[in-house]
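Participant: Residue numbers (the working numbering), protein chains in the order written: chain A, 1 to 296; chain B, 1001 to 1188.
Fair warning: there could be bad hints in the mix.
[Unchecked claim] Facing chain A, according to a computed beta carbon distance under 8 Å, are these residues of chain B, among others: (1) 1004; (2) 1009; (3) 1010; (4) 1035; (5) 1037; (6) 1056; (7) 1099; (8) 1100; (9) 1108; (10) 1123; (11) 1124; (12) 1144.
[Unchecked claim] Rough simulated footprint, nothing fancy, chain B against chain A, three-plus residues with beta-carbon under 8 Å: (13) 156-166; (14) 184-194; (15) 220-232.
By construction, these hints were calculated from the structure, which means they are not laboratory data. Heads up, the beta-carbon is just placed ideally off N, CA and C, and yes, glycines get one too.
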Amino acid sequence: MLREDGHVLDDGTTARLGAEHFVMTTTTAAAGLVMRHLEFVHQAHCPQMAVRFISVTEHWAQFAVVGPQARALMNTMLAEPLTDAGFPYMACGPVDVMGVAGRLFRISFSGEHAYEIAVPARYGEALFRDLVARAETLGGGAYGMEALNVLRIEKGFITHAEIHGRTTAFDIGMEKMVAPGKDCIGKASAARPGMHGPQREQLVGLRPVDAASQISAGAHLFDAEAPALRENDQGYVTSAGWSPTLTSYLALGFLRDGRARHGQTIRLVDHLRKTDVPCTVCDPVFFDPKGERARG
Amino acid sequence: MPVVSLIAKTPLAGHLPVTVGTCTLAEVMLGPVTSLSPYRGREQALSDALMAAHGVAFPAPNRVAQGDGLRLVWSGRAQAFLTGAAPGAGLGDHAALTDQSDGWAGLHLSGTGAEAVLARLVPVDLRAPAFDVGHCARTQVQHINALIIRTGEQAFEIMVMRSFGQTAVHEITEAMRGVNARAAVRGG
Chain A
1 MLREDGHVLD DGTTARLGAE HFVMTTTTAA AGLVMRHLEF VHQAHCPQMA
51 VRFISVTEHW AQFAVVGPQA RALMNTMLAE PLTDAGFPYM ACGPVDVMGV
101 AGRLFRISFS GEHAYEIAVP ARYGEALFRD LVARAETLGG GAYGMEALNV
151 LRIEKGFITH AEIHGRTTAF DIGMEKMVAP GKDCIGKASA ARPGMHGPQR
201 EQLVGLRPVD AASQISAGAH LFDAEAPALR ENDQGYVTSA GWSPTLTSYL
251 ALGFLRDGRA RHGQTIRLVD HLRKTDVPCT VCDPVFFDPK GERARG
Chain B
1001 MPVVSLIAKT PLAGHLPVTV GTCTLAEVML GPVTSLSPYR GREQALSDAL
1051 MAAHGVAFPA PNRVAQGDGL RLVWSGRAQA FLTGAAPGAG LGDHAALTDQ
1101 SDGWAGLHLS GTGAEAVLAR LVPVDLRAPA FDVGHCARTQ VQHINALIIR
1151 TGEQAFEIMV MRSFGQTAVH EITEAMRGVN ARAAVRGG
């Protein structure tokens, strides 16, 4: 979703549950902002449209069930078993889970083969405890926000660390998601001179040359031979973490003309924490680049 | 009809009722709650459909339309909550409907001093006759988004978003203690 000035407002999902019924998710931080934006667009730009909005966040308790055994686990709780063909990646719809009318979405910020199961909030505690118990029986268990953050960095999925209000769809590599066949808010502004091109700081992945060198968000990027001074600043790091899957520190950041510089070595300098780490610039999707896990 | 195998819990199970001095805070079971948002120009058609299905018309701003075992509570611009009954047939032709039943925690504050308790937490003037029985306000309880209904001379129903329920109990209970302590100091 873009602002009128062509920068990214928020990153979320929209599920079509009926011909005239959509459920939109947003980032947590921007939920109120997106609600306000929808109301403003409707009231100020297109009041003739027959559409209404309301938050349903509180009514639903929703949980992510992720990993290679996600479908097997869900099938122990659903009245109708899932198949890959019957409920493919990005499918959504009503389900009966343990006798409760719920909703199922096959999508996840983890990048795994995964589902999000929603039930009315009165059943939330009971469903979560049951899901965790079944997951543990299968050798898994509950996972938290830090683990999710590692998974999403490995997959190059962005948060407001990356869409911080000064980045465009072009910058984050999503310009192809702006449909060419129709207009939308922000499209014209995003086409202005200076809003795209090699001078823009573009989303890249960064791996320390020495995999065990800790790298930090907030560090700035410099050419290998350049002094780490403001005038030589090439970009900055937005997210970083240790990946147990790839046994390396990984980071996401923005680098001037970044997409043309994959394979280059640059200096990652954190002036606050006094670190200076050579890194390789690469694609921000470090793991499962074809998205085969999610579609399996 | 499938057998429900999940245990249901109310928003404030185990936290209420609380009595401090003359005031009591208790949980209210709201029953089904459905939001009704008439599309532009369909307000009268929705009101007619509500009258046919439930015997009440769409309420004016800040008013509750009381029916037989159900209410229509004005909840904001072009919006009202139908509580106590599932929505009847035909309403969806004129309005957007959503199920809000599990999204709200219902609290009932009653007793001498209830008005004084809420005065500490709510920016809107809740004194009669500015806020009479059958009036409602979409406002805040100590920064928590709330829908407040006056149900009696010293009785209010307070709806807050479900996840804020326990915080609302805490804030209102603190205000109850404050009002009660002042009354005790005055010897009243």
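Participant: Please go over all the hints and tell whether each is borne out by the structure.
Facilitator: Evaluation of the provided hints:
1. Hint status for residue 1004 of chain B relative to chain A: holds, with the closest Cβ pair at about 4 Å, below 8 Å.
2. Hint status for residue 1009 of chain B: holds, given a least beta-carbon distance of 6 Å to chain A, under 8 Å.
3. With a least beta-carbon distance of about 7 Å to chain A, the hint placing residue 1010 of chain B at the interface is held under the 8 Å criterion.
4. Taken as an interface hint, residue 1035 of chain B checks out: its beta carbon lies about 5 Å from the nearest beta carbon of chain A, inside 8 Å.
5. Restraint check, residue 1037 of chain B versus chain A: the minimum CB separation of about 4 Å is within 8 Å; hint holds.
6. A distance limit of 8 Å between C-beta atoms decides the matter here; for residue 1056 of chain B the minimum to chain A is near 20 Å, and the interface restraint is violated.
7. Using the Cβ-Cβ criterion of 8 Å, the hint placing residue 1099 of chain B at the interface with chain A is satisfied: the shortest such distance is roughly 6 Å.
8. For residue 1100 of chain B, the interface hint holds, the least distance from its beta-carbon to any beta-carbon of chain A being 6 Å, beneath 8 Å.
9. Because the beta carbon of residue 1108 of chain B sits about 19 Å from the nearest beta carbon in chain A, more than 8 Å, this interface hint is broken.
10. Checking residue 1123 of chain B against chain A by beta carbon gives a least distance of about 19 Å; that is not within 8 Å, so the hint is violated.
11. A cut of 8 Å between beta carbons decides the hint on residue 1124 of chain B: the least distance to chain A is about 21 Å, and the hint is violated.
12. Given the 8 Å rule on beta carbons, the hint for residue 1144 of chain B is violated: about 12 Å separates it from the nearest Cβ of chain A.
13. For the region 156-166 of chain A, the assignment as covered by chain B is violated, since 0 residues bring a beta-carbon within under 8 Å of that chain's beta-carbons and 3 are needed.
14. Look at the region 184-194 of chain A against chain B: 0 of its residues bring a Cβ nearer than 8 Å to a Cβ of that chain, fewer than three, so the hint is violated.
15. Restraint check on the region 220-232 of chain A versus chain B: 0 residues with Cβ-Cβ distances below 8 Å, three needed, restraint violated.
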